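Number of protein chains: 2
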Amino acid sequence: MRIEFTQDYIENLKEIIENKNDTAASALMAEAHAADIAEIYDELSIDQAKYLFLLIEDREKAADVLAELDDDDRERFMSELPSDVIASKFIDHMDSDDAADVLADLSEETRDEVLKHVKDLDQAGDIVDLLNYDEDTAGGLMQKELVVVDIESTVASATLEIRRQAEGIEHVFYVYVNNKDNILQGALSLKRLLLASPEQKIKDILVKDIISVRVDMSAEEAAKLAQKYDLIALPVVDSIGRLLGRITIDDLVDVLREEADHDYQLMSGLSQEVEHSDSVFRLTRARLPWLFVGLIGGILAARVIGVFEHSLAENAAMAFFIPLIAAMGGNVGVQSSSIVVQGLANNSFSTESTFRKILKELLVASVNGVALAGITFVFNLLTLDSMALTVAVSISLFAVIIIASVIGTFIPLLLHRLKIDPALATGPFITSANDILGLFIYLAISGLTFHYFH
Amino acid sequence: MRIEFTQDYIENLKEIIENKNDTAASALMAEAHAADIAEIYDELSIDQAKYLFLLIEDREKAADVLAELDDDDRERFMSELPSDVIASKFIDHMDSDDAADVLADLSEETRDEVLKHVKDLDQAGDIVDLLNYDEDTAGGLMQKELVVVDIESTVASATLEIRRQAEGIEHVFYVYVNNKDNILQGALSLKRLLLASPEQKIKDILVKDIISVRVDMSAEEAAKLAQKYDLIALPVVDSIGRLLGRITIDDLVDVLREEADHDYQLMSGLSQEVEHSDSVFRLTRARLPWLFVGLIGGILAARVIGVFEHSLAENAAMAFFIPLIAAMGGNVGVQSSSIVVQGLANNSFSTESTFRKILKELLVASVNGVALAGITFVFNLLTLDSMALTVAVSISLFAVIIIASVIGTFIPLLLHRLKIDPALATGPFITSANDILGLFIYLAISGLTFHYFH
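These protein sequences, in sequence, are chains A and B. Position one of the first sequence corresponds to residue 1 (the working numbering), numbered consecutively onward. Position one of the second sequence corresponds to residue 1001 (the working numbering), numbered consecutively onward.
If you're looking for bench data, these hints aren't it; they were derived computationally from the structure. Please note that the accuracy of each hint is not assured.
[Stated by the list, open to error] Each computed PhoX-like pair below joins lysine-lysine, with the alpha-carbon atoms no more than 20 Å apart: (1) Lys1419(B) with Lys1224(B); (2) Lys1203(B) with Lys1180(B); (3) Lys1014(B) with Lys1050(B); (4) Lys191(A) with Lys1191(B); (5) Lys1050(B) with Lys1061(B); (6) Lys1144(B) with Lys1119(B); (7) Lys1089(B) with Lys1116(B); (8) Lys1228(B) with Lys208(A); (9) Lys20(A) with Lys50(A); (10) Lys228(A) with Lys1061(B); (11) Lys1144(B) with Lys1180(B); (12) Lys1144(B) with Lys191(A); (13) Lys61(A) with Lys1208(B); (14) Lys1050(B) with Lys144(A); (15) Lys61(A) with Lys1228(B).
[Stated by the list, open to error] Each pair of labels, with its calculated beta carbon distance range: (16) Asp1261(B) with Thr23(A): 43 to 53 Å; (17) Asp254(A) with Asp1209(B): 21 to 31 Å; (18) Arg1076(B) with Asp120(A): 28 to 38 Å.
[What the hints assert, rightly or not] Simulated coverage check for chain A against chain B, where a stretch passes if three residues somewhere in it have a Cβ under 8 Å from a Cβ of chain B: (19) 14 to 27; (20) 253 to 261; (21) 338 to 345.
Keep in mind that this is a model prediction, so the values were computed, not measured. Just so it is clear, CB atoms sit at the ideal spot from N, CA and C, and this is done for glycine as well.
Throw the hints in and build the complete structure from the sequences for me.
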């Protein structure tokens, strides 16, 4: 059941915990979904959480709760538990991929200690295998739990085999089909099996041309494949095609979401993922680095303006449009680069060359530039008494829009080619550079026009 | 099969189309996945696409291709086809939700024309039903294709029933269980059915407490539910609990992605979703509106500075730090509001009140403010000869960081409470406001300090 969390619910729960009312606490836990229980964690002390989580009777739910906790919370929570409790209460009841993720957070020593207490040796073996893979690869996402039948079997014998294997698997999704060398040959849906007659051969009804991923493919690439082809599970194979495991849609969705969050976070000027509920220290650590980059940008900008101090002292009005030019360079640059970053992130297919992309960007920038510089020109003509400033602002505005567009398009493409995250281009670094360049252009041009129109 | 698109592949394909080589074209289409074929569309003229798509022998694949096209492309493509071809080649082979989406793009007249040609009256009826729902609701996402059995039946009779219903359904995911009034009672996985013995009663093995959504729930809310509880299909019910349809994970993933793209796009200063491959006109239309807002902000900033023209003429150095102050206000504001926007988007559970949130934000801002204003103070003390400016810059920097943080936190919370998209707070509107406010503070303070230190 979904729980509507209210202040009252939490108060009531805390009272139950304080009174050590086991029956009431375990009834509340029986009612709540694992994802909701994991969310209560933030509201409890570690001792309260320990009491509560160990009272969850459904062991798979308890395991899910642990899997759903934030990494930091989980680490802190587990450090309070003896290894045999971690193994028997949680790891024994987890899918192999979740178990490996949980154990990856522990010190090597504790991990070995916990593994010794895992009852099912197959499960322990699977976890040790999975711990070998980098968490950012298909191998790091996959689970060992899957249903596989031999290509030479009949529907009848395969059904028996599936019944045996499926017991401990939450979602079957597909039945995979291997040859005798464990090389993946294709897959079947349970539905297809249900519709087939018992004496049919698996090899006559399987879907052969299925999409699988290599164990060393990046997690992001695998997730994009699944999204593009609407797949709900991806089989994972080694370099010679042996079936190693599968990745299920819920984990793929999490990867896609993390990827999107990461790009969003970079554009927000945050150097790590944070939530408002994080500690002040963590929030500050996430925010200060990019602000510091912005500070350096601002100090450099001060230096650029300093070069023109003499002109400014003569014509103070030159200062009026400094924010406009700086903001416009930044805005245009972010627009351009975010379009490129989104395109790269969505793997939008395009045979357009970089040269053509920049050419097109130039065209868009010119239209925007003419429109904005034109409006500004007319407005300033009517409201300013300085023709020099009017001309300078519009020329610089146009130039800044063009330059910021090209830089905004080119930099993420360049970063991508250099195998650096192109989303970095949307952060404060490029914005600051655009600001400074824009300022220089503006001050230089207005210096000239004031000289000329004098 | 996945196709690696290269310039060569496209050239070859175009040549085949030009020579009207039906065999070669249909072989290429047989090989390619619907999602890939949909991507080729951008490279072809409408006539080329028409020739190619009508050659796809697998009719469900052809239907998938149409469903995968961008809305604009699809509309243009369909306008070239007679209604009976749209019905027989595409709509007849689509899931009801995709069919409804496709038909929603057509004029009412064409839509009725197409519906007349749909062979299966059940399919036509389902489509007409689905067209009644707003596309942003659960009803707008759901499909009528699902497998449902009676709660009073046995496993044996249910299996027969499922076999009958499942024929035309790609993914069964869950078997839903209704009572005789079509009120949803629970669900079963095919696996559970496979593990049960034939004489067992459905009512003894179903999972009762399943999560369903009301037909009028927002699409976004439904998608977040599915993500939180790791669901692969969501049953949709009406106000008295009758089962109306189901939403499958692929559509839910699309909603989550659109939501994330939308927030990203707002922060980039784009007023609509665009890709680099869109037309120059469309790209300009997406970019110009927010740039125009920035322009107005810049002109207002010019006015604010204009008020201080006299002080600036006396102390030109005051202009040096205009970009720093403006940029810092913008950066801090975007950081603060994006953390709030992400929190709201992820539905992070928090019992913290708005007041406490802002208090915490104040604390983080103070730490950042002291650090950055401190560094700037020391740096300026060593490099500037004006004590007045050194003091003014650091005081203003601190003030701007505090004010921008509070505004950045408060505005998205306010928008959310007013049922307006909080992501608007990350766009140029608030940034410009922060810039202007920051400038005013800086110029006012430096006016004072120059007066005082003189």
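Results of checking the hints against the structure:
{"no.": "1", "hint": "Lys1419(B) with Lys1224(B)", "result": "holds (18 Å)"}
{"no.": "2", "hint": "Lys1203(B) with Lys1180(B)", "result": "holds (13 Å)"}
{"no.": "3", "hint": "Lys1014(B) with Lys1050(B)", "result": "holds (13 Å)"}
{"no.": "4", "hint": "Lys191(A) with Lys1191(B)", "result": "holds (10 Å)"}
{"no.": "5", "hint": "Lys1050(B) with Lys1061(B)", "result": "holds (15 Å)"}
{"no.": "6", "hint": "Lys1144(B) with Lys1119(B)", "result": "holds (17 Å)"}
{"no.": "7", "hint": "Lys1089(B) with Lys1116(B)", "result": "holds (14 Å)"}
{"no.": "8", "hint": "Lys1228(B) with Lys208(A)", "result": "violated (33 Å)"}
{"no.": "9", "hint": "Lys20(A) with Lys50(A)", "result": "holds (12 Å)"}
{"no.": "10", "hint": "Lys228(A) with Lys1061(B)", "result": "holds (14 Å)"}
{"no.": "11", "hint": "Lys1144(B) with Lys1180(B)", "result": "holds (18 Å)"}
{"no.": "12", "hint": "Lys1144(B) with Lys191(A)", "result": "holds (18 Å)"}
{"no.": "13", "hint": "Lys61(A) with Lys1208(B)", "result": "holds (16 Å)"}
{"no.": "14", "hint": "Lys1050(B) with Lys144(A)", "result": "violated (45 Å)"}
{"no.": "15", "hint": "Lys61(A) with Lys1228(B)", "result": "holds (14 Å)"}
{"no.": "16", "hint": "Asp1261(B) with Thr23(A): 43 to 53 Å", "result": "holds (48 Å)"}
{"no.": "17", "hint": "Asp254(A) with Asp1209(B): 21 to 31 Å", "result": "holds (24 Å)"}
{"no.": "18", "hint": "Arg1076(B) with Asp120(A): 28 to 38 Å", "result": "violated (58 Å)"}
{"no.": "19", "hint": "14 to 27", "result": "violated (count 0)"}
{"no.": "20", "hint": "253 to 261", "result": "holds (count 5)"}
{"no.": "21", "hint": "338 to 345", "result": "holds (count 5)"}
Hints 8, 14, 18 and 19 from the list above are not met by this structure, while the remaining hints are.
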